[in-house]
Amino acid sequence: DAGITQSPRHKVTETGTPVTLRCHQTENHRYMYWYRQDPGHGLRLIHYSYGVKDTDKGEVSDGYSVSRSKTEDFLLTLESATSSQTSVYFCAISDSSGAREQFFGPGTRLTVL
Amino acid sequence: KNEVEQSPQNLTAQEGEFITINCSYSVGISALHWLQQHPGGGIVSLFMLSSGKKKHGRLIATINIQEKHSSLHITASHPRDSAVYICAAYGGATNKLIFGTGTLLAVQP
Chain B
1 DAGITQSPRH KVTETGTPVT LRCHQTENHR YMYWYRQDPG HGLRLIHYSY
51 GVKDTDKGEV SDGYSVSRSK TEDFLLTLES ATSSQTSVYF CAISDSSGAR
101 EQFFGPGTRL TVL
Chain C
1001 KNEVEQSPQN LTAQEGEFIT INCSYSVGIS ALHWLQQHPG GGIVSLFMLS
1051 SGKKKHGRLI ATINIQEKHS SLHITASHPR DSAVYICAAY GGATNKLIFG
1101 TGTLLAVQP
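Residue numbers (the numbering used here), protein chains in the order written: chain B, 1 to 113; chain C, 1001 to 1109.
Read the hints as simulated data drawn from the structure, not as lab findings.
Quick reminder that beta carbons are idealized off the backbone N, C-alpha and C, glycines included.
There could be a bad hint or two in this list.
As the list claims (entries may be wrong) - Pulled a few chain C residues facing chain B out of the computed Cβ check, cut under 7 Å:
1. SER1045
2. LYS1096
3. PHE1099
What the hints assert, rightly or not - Only pairs whose alpha carbons sit at most 27 Å apart, straight line, appear in this in silico DSS-like list of lysine-lysine:
4. C:LYS1096 with B:LYS53
5. C:LYS1054 with C:LYS1068
6. B:LYS57 with C:LYS1096
7. B:LYS70 with B:LYS57
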């Protein structure tokens, strides 16, 4: 298995609070992605990174920000969590663009009350 | 209309049956991925293909680029194959993976 961890694995928070999710990899892959998974929807891309300090928006980026100060870490921040951000969040890594295989982390279940 | 559509959404089979899951896409692609997600579990990549057919154990994936269609077959299905199977197309205007909503497979003993 690719070395990808996510923390925390579960979190319950209240509306309006800031939340940061961490993705950590030991594979030295260039590309890192944050997805959310909701019933009735496929995985949807929130933000992605193509290198240290290089990030770009995905299709559902509103309300989220990201940072990548080191190759191994990709942080997803909800500045002011809302109930619509209740979801399961997956991090993925790849050594190239999407035409190559992506390896997924175990997921973080976030509940915003 | 979703750019990537899977059918069926739900599938129940008896152990030993041959299973087919279909994926149709409307975008031009350079690769198609099949992924597996066990209940409450992580997501694992099964195949990535851009033409023809790939086989791994009891799993076979095929793609027809002209018809914009891919299939995932499972031979001699087993209860441990019970999972959600997801196809994802890479390409199109965004050059990102576009995911289908998944097919929930239950294989009964």
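For each hint, the structure was consulted:
| no. | hint | result |
| --- | --- | --- |
| 1 | SER1045 | holds, 5 Å |
| 2 | LYS1096 | holds, 6 Å |
| 3 | PHE1099 | holds, 3 Å |
| 4 | C:LYS1096 with B:LYS53 | holds, 19 Å |
| 5 | C:LYS1054 with C:LYS1068 | holds, 17 Å |
| 6 | B:LYS57 with C:LYS1096 | holds, 11 Å |
| 7 | B:LYS70 with B:LYS57 | holds, 19 Å |
The earlier numbered hints are all upheld by this structure, with none contradicted.
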